[in-house]
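*Asks:* Going down the list, the sequences are from chains A and B.
End of the first sequence = 393 in full-length UniProt numbering, gap-free, step of one.
End of the second sequence = 242 in full-length UniProt numbering, gap-free, step of one.
Everything labelled a hint here was simulated from the structure, so no lab data went into it.
Remember, predicted model here, so these are calculated numbers, not experimental data.
Note that beta-carbon positions come from the ideal geometry of N, C-alpha and C, so glycine has one too.
Check the hints yourself; a few may be wrong.
Quick list of the computed label-pair ranges, beta carbon to beta carbon [as the list claims (entries may be wrong)]:
id, chain 1, residue 1, chain 2, residue 2, range
1, B, Lys26, A, Ala374, 43 to 51 Å
2, A, Ala374, B, Asp5, 34 to 42 Å
3, B, Glu111, A, Arg21, 27 to 35 Å
4, B, Leu14, A, Met326, 31 to 39 Å
Covered stretches of chain A, as calculated for chain B (at least 3 residues, CB under 8 Å) [said to hold, decoys possible]:
id, segment
5, 14 to 27
6, 219 to 232
So the derived list for chain B, only partly shown, Cβ under 10 Å to chain A, looks like this [unchecked claim]:
id, residue
7, Leu66
8, Pro69
9, Arg74
10, Glu94
11, Tyr98
12, Gly104
13, His150
14, Asp153
15, Leu156
16, Ala168
17, Ala169
18, Met171
19, Arg173
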Amino acid sequence: MGTNIVWTVFRKELTDLLRDRKTLIGTFVIPMVVIPFVFFLLGTSYNNVEKEARSYVPISISGQSVLVDYLKQTPGVKLLNSPNPEADLQQGKLRAIISIPDGFDQQVKAGKPVKLAVAYDSTNQKSVYARSIIEEAVKKYSSEIVAKRLRQAGLSEQAIKPIETVYDNTASKDRQAGGMLAGIIPLMLVLSLASGGIAAATDLVAGEKERGTLEALLTAPIAANQLLTAKLLAVMVMSCISATASLLSLSFVFRMGPLTKAEAAFSFSFLEPGSLVVLAGTILLLAAMFAGLELTLSTIAKSFKEGQTYMTGVVVLAMIPSYMMMPLNPVDIPEWYYVLPVFSGVALCKEVFYGAIDPWHVIVGLGTSLLYVAGILALSARLFRREGAVIKG
Amino acid sequence: MIEVDRVSKRFGHLTAVDDVSFFVEKGEVYGLLGENGAGKTTTMRMMATILRPTSGDIRIRGYSVLSEPVEVRRRIGILFGGDVGLYSRLTARENIAYFGKLYGLADDALEKRVEQLGEMLHMSEFMDRRVGGFSRGMRQKVAIARTLVHDPDVILLDEPTTGLDVTAANMFRRMVAHLQEEGKTILFSSHNMGEIERLCNRIAIMHKGRLSYAGTIDALRDQVKMNDLDDIFMTMVEGGGR
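Please model the complete structure; the sequences and the hints are all you need to start from.
*Replies:* Structure (structure tokens):
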């Protein structure tokens with residue numbers, strides 16, 4: 001009977017939630033449409049800025065040198081005569097100003113050091129690109145001068161490269177892909193687990209209380225704990241659906257999107273059965289923890305609006321560890337993070353995506369998370385059972 | 001059938017119900033009268049086991065709200081007045097069936113019962129429409145059907161005609177009479193004297209949490225030597241107020 005009641009309530013909650021536009025938008029539309037769209041927009045505009053910046057590089061040059069020919073041959077570079085180059089640089093009409101001192105080529109020929117002044121605007125990304133284009137041209141010209149001098153001295157180019165360093169990346173392709181994912185996926189996963197259940201949790205207690213349905217429900221011969229269990233499962237399902245939607249949309253962005261890097265092609269091939277179990281356990285415990293916390297806040301709230309206000313705290317709680325650990329490699333994560341709520345979940349996700357799971361971290365992280373989940377559920381049940389908790393106002 | 005035995009309910013320093021006792025016979029429609037804030041809803045919430053009495057006890061068919069709350073809930077159906085709590089994204093049928101399942105009704109029996117209630121309350125046209133767009137009267141019908149889905153012996157109606165138009169309120173009163181014919185025990189709270197007079201023989205009057213009167217309407221008329229129930233009510237309230 002008890003399981004039947006939980007199943008009946010759970011099924012009704014999901015039917016009700018899936019017919020709610022607010023919940024659907026929060027759970028599906030934002031992760032499935034908005035996130036990929038934002039990534040595409042970011043990637044495309046980033047690429048477009050670089051493309052445009054390299055295709056048209058207006059610069060002003062004062063003075064004479066062979067270097068000017070090198071710059072003229074560089075694709076995209078346009079030499080402009082400006083009466084007031086400093087003002088044009090500030091206004092973005094010029095990307096850089098090159099000042100070649102008198103007797104530049106003679107000094108170079110004589111083997112004397114010369115200074116080339118390049119003015120650019122570091123606050124203008126296009127000007128920064130112009131600087132790198134000029135650096136490349138200068139480097140090319142310098143290399144030719146060095147090669148010529150070496151030849152004159154009867155030396156080969158190897159003479160100035162006594163040591164050749166060969167760098168070997170020990171990270172496999174899979175791990176490189178995982179490393180790329182380990183930065184962003186735990187962040188998106190934890191945020192969507194936290195935010196995916198918010199609409200459901202607010203609606204299922206504070207919303208029901210406001211509409212008077214919770215009071216009617218508790219006149220039925222069912223235990224408050226059965227009701228809470230069903231509601232908890234419904235919120236967890238919505239959280240997990242949202243997290244799955246985020247993962248799918250992110251994998252689409254990484255596979256198809258403009259941020260994809262050729263040297264570390266996107267794939268989930270580093271996920272093995274063991275790491276999948278750890279990932280599933282971490283996701284479930286995080287979902288339960290957030291669902292318990294959200295239902296607790298929803299029970300405390302006197303109205304739907306009050307509930308929504310409290311819920312912003314849950315997102316902040318998820319954001320802090322996610323952003324703090326975003327740039328960290330698992331080996332740099334402090335040990336005590338594995339006993340902190342949410343921190344341990346983010347840390348374990350990173351280990352999974354790096355393919356470097358430490359069994360001791362898994363035991364400690366999942367074990368303490370289980371305790372936190374038990375604690376928050378006990379608190380939630382206690383508040384939900386307290387007299388008058390279900391009555392409007 | 002309903003025994004209210006020296007029941008009090010305090011919320012901190014506020015005494016919402018103070019030492020109230022009355023008894024409702026099987027098959028009776030009993031009126032609970034009082035102004036807003038008199039303690040009627042709190043008393044009904046204690047009967048429905050949503051609130052726990054601070055002292056005293058209430059027994060429904062012999063089951064105590066303190067020691068056997070689940071047994072009490074099985075035997076009662078409660079309808080709250082004002083904005084009835086319904087799931088607006090579910091259809092009328094789904095709303096009623098959901099509660100039927102929570103009361104443990106088997107699928108076949110539940111289906112028949114929902115159909116029967118739909119016909120009784122003239123709801124067949126809108127049974128499969130979502131409740132969100134319903135009028136006040138339509139919503140009230142769904143809420144009544146939900147209250148009756150498990151065929152309870154005891155029906156608690158807390159100001160059920162509040163907000164209903166004349167036609168809907170009349171329909172509701174006819175339904176109460178029909179339920180009485182079926183032998184149901186009904187506690188009907190209201191602040192409308194005329195409505196109570198049409199439905200009940202015996203009443204309890206509450207004022208500021210206390211019981212001012214419990215007995216038949218005829219005996220009350222004899223006691224205060226007045227005929228008009230509104231006048232009687234005002235006299236009782238002014239005389240019994242603290």
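*Asks:* Output the numbers, in ascending order, of every earlier hint that fails for this structure.
*Replies:* Per hint list: 4, 7, 14, 16, 17, 18, 19 violated.
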